[in-house]
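Throughout, the numbering used here is defined as the position within the sequence shown, counted from one, plus 3.
Hints should not be assumed to be uniformly reliable.
[Said to hold, decoys possible] Lysine to aspartate or glutamate pairs mimicking EDC-like chemistry, simulated, CA-CA at most 20 Å apart:
(1) K132 with E108
(2) K9 with E70
(3) K132 with D118
[What the hints assert, rightly or not] Derived DEER-like restraints, expressed as beta-carbon distance ranges:
(4) R65 with G122: 33 to 39 Å
(5) E70 with E104: 31 to 37 Å
(6) R41 with D146: 50 to 56 Å
Calculated directly from the structure, the hints in this document are not laboratory data. Predicted, not measured: the structure shown is a model, and the values here were computed from it. For each residue, glycine too, the CB sits at the ideal point set by N, CA and C.
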Amino acid sequence: MAKEYKLSPERFEALKEELNYLKTVREKEVAALLKEARSFGDLSENSEYDEAKNEQGKLYARITEVEGILANCVVIEDDHADDTSMVRLGCRIWVLDKEFEEEEEYEVVGSQEADPMNGRISDDSPFGKALLGKRVGDDVDVDAPAGTLHYRVLKIERA
4 MAKEYKLSPE RFEALKEELN YLKTVREKEV AALLKEARSF GDLSENSEYD
54 EAKNEQGKLY ARITEVEGIL ANCVVIEDDH ADDTSMVRLG CRIWVLDKEF
104 EEEEEYEVVG SQEADPMNGR ISDDSPFGKA LLGKRVGDDV DVDAPAGTLH
154 YRVLKIERA
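Please put together the full structure from these sequences, using the hints given.
Put into structure tokens, the structure is as follows:
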């Protein structure tokens with residue numbers, strides 16, 4: 004069974020645009036590179052041809068990847084846009100790291116949109132899974148390689 008990807012409507016549209024760009028503009032650019040490289044002669048010693056073939060391989064791999072994501076995605080429509088009573092996909096949350104007494108801010112997103120360095124955590128991550136369904140004031144324990152981390156949910160907003 005194929006992995007199901009949860010996407011925001013914005014990410015879904017961005018992937019559709021990327022796929023269109025890859026199949027139209029980028030594919031023609033790579034074809035032109037190949038054509039030019041072939042014109043240089045002997046393909047066995049033609050580094051430009053090898054480079055163009057590698058670029059073509061990367062292009063087709065990305066097209067396949069994006070098509071797979073779009074074919075197996077669920078666009079998260081926010082039926083509870085005003086409900087901030089509990090953590091859901093698409094929420095922005097503030098938590099208190101109980102060990103260091105520091106407040107941290109995160110947005111819970113689908114795995115394709117995750118960017119932990121910028122506070123966007125996947126709902127598939129251990130921290131994301133632990134947060135889902137929690138309410139303001141709830142304590143959250145997350146098992147991590149460094150040990151169990153302890154947080155308290157301080158605030159929930161729609162992202």
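Each hint, compared with the structure:
{"no.": "1", "hint": "K132 with E108", "in the structure": "holds (16 Å)"}
{"no.": "2", "hint": "K9 with E70", "in the structure": "holds (14 Å)"}
{"no.": "3", "hint": "K132 with D118", "in the structure": "holds (16 Å)"}
{"no.": "4", "hint": "R65 with G122: 33 to 39 Å", "in the structure": "violated (26 Å)"}
{"no.": "5", "hint": "E70 with E104: 31 to 37 Å", "in the structure": "violated (47 Å)"}
{"no.": "6", "hint": "R41 with D146: 50 to 56 Å", "in the structure": "holds (55 Å)"}
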